[in-house]
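Peer 1: The chain contents come next:
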Amino acid sequence: MSAPHAPEAIALVGNPNAGKTTLFNALTKSIERVGNYAGVTVSVKEGEMFTPHGQKLRVLDLPGCYSLRAHSPDEKVARDALTGQIDGVPKPALAVCVVDASALELHLNLVLHVIELGLPVVIALNMVDVAEKQGLRLDPAKLSEELGVPVVPIQANAGKGLLDLKQAIRHPFPPAAESPWAHEQADPEPARRAMVARLCELAVRRPDAHQQTLSDKLDGVFLHPVLGWVSFLAIMFAVFWSIFSFAHYPMEWIETGLGGLGKWVEGLMPDGDLRSLLVDGIISGVGGVLVFLPQIVLLFLFIGLLESSGYMARAAFLMDGLMAKAGLSGKSFLPLFSSHACAIPGVMATRTIDSAKERLVTIFIAPWMSCSARLPVYFLLVPLLLDGKEGSWKQALILFGIYATGILSAFVVSRVLRGRLGPDTQPNHFMLELPLYRGPQWSYILRHVTDRAWAFVAKAGTVILGLSILLWALSTYPKTDGGNKGDQLAHSAMGRMGAVIEPVVKPLGFDGRTGTAILTSFAAREVFNTTMGVIFNVEESDDKEATRGALRDKLAAATWPDGRLLFTPLTVVSLIVFYIYALQCLPTTAVVAREANSWKWAAGQFVFMGGFAYVASLLVFQLGHLFGLG
Amino acid sequence: MPFALANDLALDSAMTLNQAGVGCDMRIKLLSGPGCDRLRDMGFCEQLQVRKLSNGRNLICSVCGTRLAISRELAEQVLVAPLA
Chain P
784 MSAPHAPEAI ALVGNPNAGK TTLFNALTKS IERVGNYAGV TVSVKEGEMF
834 TPHGQKLRVL DLPGCYSLRA HSPDEKVARD ALTGQIDGVP KPALAVCVVD
884 ASALELHLNL VLHVIELGLP VVIALNMVDV AEKQGLRLDP AKLSEELGVP
934 VVPIQANAGK GLLDLKQAIR HPFPPAAESP WAHEQADPEP ARRAMVARLC
984 ELAVRRPDAH QQTLSDKLDG VFLHPVLGWV SFLAIMFAVF WSIFSFAHYP
1034 MEWIETGLGG LGKWVEGLMP DGDLRSLLVD GIISGVGGVL VFLPQIVLLF
1084 LFIGLLESSG YMARAAFLMD GLMAKAGLSG KSFLPLFSSH ACAIPGVMAT
1134 RTIDSAKERL VTIFIAPWMS CSARLPVYFL LVPLLLDGKE GSWKQALILF
1184 GIYATGILSA FVVSRVLRGR LGPDTQPNHF MLELPLYRGP QWSYILRHVT
1234 DRAWAFVAKA GTVILGLSIL LWALSTYPKT DGGNKGDQLA HSAMGRMGAV
1284 IEPVVKPLGF DGRTGTAILT SFAAREVFNT TMGVIFNVEE SDDKEATRGA
1334 LRDKLAAATW PDGRLLFTPL TVVSLIVFYI YALQCLPTTA VVAREANSWK
1384 WAAGQFVFMG GFAYVASLLV FQLGHLFGLG
Chain B
2 MPFALANDLA LDSAMTLNQA GVGCDMRIKL LSGPGCDRLR DMGFCEQLQV
52 RKLSNGRNLI CSVCGTRLAI SRELAEQVLV APLA
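Protein chains in written order, with our numbering: chain P, 784 to 1413; chain B, 2 to 85.
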């Protein structure tokens, strides 16, 4: 009796870390991100699968939840999805409750909640290998009999039992089971607990002794009051260091390649506007951003490794005390850490935070965790402070200082803001599951890294490419007759914008060209490099190298009209400070508005951060000038 | 406060999870306080066995093989007694 319209939907529901997303990937053959930390899935993911009979079904991967009581926004999403209250997401016709077989006593609670909703349910008893290793003896048949729903043992990460599961969810769906424990009760809670206890007694035999697992031994180090911090700092430092040193060689190769490409094009074409567009505009503009691909890849690789291993939960546990001083809790750690890669998933990850006020504050300060889009700017400017040499430990130290400045300022603002928002209506306390450590799931990690790398390249090939062409056009037209390249630039649209903006940015130590570059980088931070490249390359009559090193040489030699050096160390520091604090990412503002449910909050964040950046930059430059530093 | 049997002697020897020693196996007797719903959802139910693995600002406990970290305020709401 299946009508020829949209395929039916089934939902995967279960506790965090039960393996829903792993099962989703196995069923739908698409690879979504898997993280071994409560709350990586924060929105509903949709995919499609085919049953053995060739019937198409839509699969919804829901965020993990401990019950349907919905304390945090991601749990609310799960509950609303099950009851069909989310726009654009179909109401599921069947719920697959993914349950960790090694922790059945804890996971059955949610299953009962779902059965009470009146949905047909199939229980996927996942991680049977872990249960076996722990010496648990399970009786799926008894469980199925007692509850009146099919129970299928599976091992999602090894693809075992999936065929049986698909058989269980083919049409016609099993009928919705009765929930006799919930009848005639004002509060079904005690009856539910009694039912769980009864089910466990019948179907689960657990060896009495508490077992020391390898995870416990590792936690002896990672959660130790002293060793835990040492290992945390060591891991963070190792990640930081690897990103900035391993990436050096691939970056050089890309640069050499781009330089060669520029020279080749230059040799092929006659002098003129088209050549200038290709070499000064496109190769210089897009190349200046593409060269950072190795770092982006390494950053996401490390984050993926840390998350999938289970270490992130320990890090959140360690950081809880420190974050409390900033008015937050350990749950804010992962969103803020992820924001160092990109604030958008970081802001979305705040859905796991129970306290609405803590969540708002975390969202507010997330952009001050220097994101990967700022890397091109930092890498262009920092060597200017160090005589143009890259890759030294001094550079790493300065970069560390930059990140630390952003983080510390964020914590101060967080504390103040949290204080002003007042206490929560309902007190929220720290509660976190520490999943077993797991080896890296390489196929997922590599796919995730590839996705992010591709997104980066795609952005370079579309947004940055478009802006490069636009910026080149603005710097080249309208033209004057005669005069050197500098005069031509001054006459062009870009030059005129620069003249207008110069009085505004001069107190910060910048000239019109830098000011224009700052303005354009409000579209995307990397565009700062693009704009500077375009302006300074278009300006130079010879030496059309498209490399960053060459650009930096030009910046180092740049002067004000009166001959003073433009990029003194003080100016560079002032510029870096501006980029640490300014919020220059429209997509982030849009996501903030959506997650905070308030355009005012997003606008306030933008204005505050922009104003703060201006004032901070101003103070740095003027005070430095006062003290004779530059 | 949930109804507690007046002649339940075992309850008199109960202590909060905070007071319990590290490494001893205990049984959860009662949950009382504003966070008990949330605690139950996470797995701290009456009659289940729990072992405290470490103290501190946040406690780490093992319930049915799963490691859970909860704050001291929440641990105060969990009454446990040593296994008979």
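Think of the hints as simulated: they come from the structure by calculation, not from any bench.
Backbone N, C-alpha and C define an ideal beta-carbon position, used for all residues, glycine too.
Be careful, since some hints might not be right.
As a list, the in silico SDA-like pairs of lysine to any residue whose alpha-carbon atoms are at most 20 Å apart [to be verified]: (1) Lys-916/P - Leu-32/B; (2) Lys-1000/P - Glu-74/B; (3) Lys-30/B - Lys-1108/P; (4) Lys-1337/P - Lys-1108/P; (5) Lys-30/B - Glu-972/P; (6) Lys-30/B - Leu-1167/P; (7) Lys-30/B - Ser-1059/P; (8) Lys-916/P - Ser-33/B; (9) Lys-1000/P - Asp-38/B; (10) Lys-1000/P - Pro-35/B; (11) Lys-1108/P - Glu-74/B; (12) Lys-1000/P - Lys-30/B; (13) Lys-1000/P - Asn-56/B; (14) Lys-1046/P - Ser-1059/P; (15) Lys-859/P - Arg-52/B; (16) Lys-1000/P - Ser-63/B; (17) Lys-1000/P - Gly-57/B; (18) Lys-1383/P - Leu-31/B; (19) Lys-1140/P - Arg-981/P; (20) Lys-30/B - Cys-983/P; (21) Lys-1140/P - Asp-26/B; (22) Lys-30/B - Ala-1376/P; (23) Lys-30/B - Pro-973/P; (24) Lys-1108/P - Gly-57/B; (25) Lys-1177/P - Leu-1167/P; (26) Lys-1000/P - Arg-68/B; (27) Lys-1242/P - Gln-48/B.
Some chain P residues near chain B, calculated using beta-carbon distances under 10 Å [what the hints assert, rightly or not]: (28) Pro-835; (29) Ala-886; (30) His-890; (31) Ala-914; (32) Ser-927; (33) Glu-929; (34) Val-987; (35) Gly-1104; (36) Pro-1206; (37) Tyr-1260; (38) Thr-1263.
Peer 1: Against each hint, give a clear statement of whether it holds in the structure.
Peer 2: Against the structure, the hints come out as follows:
At most 20 Å may separate the alpha-carbon atoms for a hinted pair to count; Lys-916/P and Leu-32/B exceed this at roughly 31 Å. Between Lys-1000/P and Glu-74/B the CA atoms are separated by roughly 27 Å; this puts the pair beyond 20 Å, and the hint is violated. Only pairs whose Cα atoms come within 20 Å are accepted, and Lys-30/B paired with Lys-1108/P is rejected, the gap being roughly 34 Å. Using a Cα cut-off of 20 Å, the hinted pair Lys-1337/P and Lys-1108/P is violated, with the two alpha carbons roughly 45 Å apart.
Of the pairs offered as hints, the one joining Lys-30/B and Glu-972/P holds, with about 16 Å between alpha carbons and a cut-off of 20 Å not exceeded. Straight-line distance between C-alpha atoms of Lys-30/B and Leu-1167/P comes to about 66 Å, which puts the hinted pair past the 20 Å bound. Simply put, Lys-30/B and Ser-1059/P have alpha-carbon atoms about 79 Å apart, too far for the 20 Å limit, and the pair is violated. For the hint linking Lys-916/P to Ser-33/B, the alpha-carbon distance of about 35 Å lies beyond 20 Å, and the restraint is violated.
Distance hint between Lys-1000/P and Asp-38/B is unfulfilled; the C-alpha atoms sit about 31 Å from each other, more than 20 Å. Annotation: proposed proximity of Lys-1000/P to Pro-35/B is violated, straight-line Cα distance about 34 Å (limit 20 Å). The straight-line distance between the Cα atoms of Lys-1108/P and Glu-74/B is roughly 17 Å, inside the 20 Å bound, and the hint therefore holds. Under the criterion of a C-alpha separation no larger than 20 Å, the hint pairing Lys-1000/P with Lys-30/B is inconsistent with the structure, at around 29 Å.
With a C-alpha separation of about 17 Å, the suggested pairing of Lys-1000/P with Asn-56/B holds against the 20 Å cut-off. Restraint check: the Cα-Cα separation between Lys-1046/P and Ser-1059/P comes to about 12 Å, which is no more than 20 Å; the hinted pair holds. With a C-alpha separation of about 31 Å, the suggested pair Lys-859/P and Arg-52/B falls outside the 20 Å cut-off, and the hint is violated. Under the criterion of a C-alpha separation no larger than 20 Å, the hint pairing Lys-1000/P with Ser-63/B is consistent with the structure, at around 14 Å.
Note on Lys-1000/P and Gly-57/B: the hinted pairing holds, with a Cα-Cα distance of about 18 Å set against a maximum of 20 Å. Proximity of Lys-1383/P to Leu-31/B is assessed by CA-CA distance (about 45 Å); at most 20 Å being required, the pair is judged violated. At roughly 39 Å between alpha-carbon atoms, Lys-1140/P and Arg-981/P are farther apart than 20 Å, so this suggested pair is violated. Proximity of Lys-30/B to Cys-983/P is assessed by CA-CA distance (about 18 Å); at most 20 Å being required, the pair is judged to hold.
At most 20 Å may separate the alpha-carbon atoms for a hinted pair to count; Lys-1140/P and Asp-26/B exceed this at roughly 37 Å. Taken as a hint, the Lys-30/B and Ala-1376/P pair is broken in the structure, with Cα atoms around 45 Å apart against an allowance of 20 Å. For the suggested pair Lys-30/B and Pro-973/P, the alpha carbons sit about 14 Å apart, so the restraint of at most 20 Å is met. Restraint check for Lys-1108/P and Gly-57/B: satisfied, since their Cα atoms lie roughly 16 Å apart, inside the 20 Å limit.
A threshold of 20 Å between alpha carbons decides the hint, and for Lys-1177/P with Leu-1167/P the separation of about 12 Å falls inside it, so the pair holds. Between the alpha carbons of Lys-1000/P and Arg-68/B the distance comes to roughly 13 Å, so the proposed pair stays at or under 20 Å and holds. At most 20 Å may separate the alpha-carbon atoms for a hinted pair to count; Lys-1242/P and Gln-48/B exceed this at roughly 56 Å. Taking 10 Å as the C-beta cut-off, the interface hint given for Pro-835/P is violated, the closest approach to chain B being about 34 Å.
Nearest Cβ of chain B to the Cβ of Ala-886/P: about 5 Å, under the 10 Å cut. The hint holds. Hint status for His-890/P: holds, given a least beta-carbon distance of 9 Å to chain B, under 10 Å. Annotation: interface hint on Ala-914/P holds; nearest CB of chain B at approximately 9 Å, less than 10 Å. Interface hint status for Ser-927/P: violated, as the beta-carbon distance to the closest one in chain B is roughly 21 Å, over 10 Å.
Annotation: interface hint on Glu-929/P violated; nearest CB of chain B at approximately 18 Å, more than 10 Å. Contact between Val-987/P and chain B, as hinted, is supported at the beta carbon level, the nearest pair being about 9 Å apart and thus within 10 Å. For Gly-1104/P, the interface hint holds, the least distance from its beta-carbon to any beta-carbon of chain B being 5 Å, beneath 10 Å. Here the hint on Pro-1206/P is broken, as its CB sits about 14 Å from the closest CB of chain B, past 10 Å.
Given hint, Tyr-1260/P at the interface with chain B, is violated; its Cβ is 62 Å from that chain's nearest Cβ, farther than 10 Å. Interface restraint check for Thr-1263/P: the shortest CB-CB distance to chain B comes to about 68 Å, outside 10 Å, so the restraint is violated.
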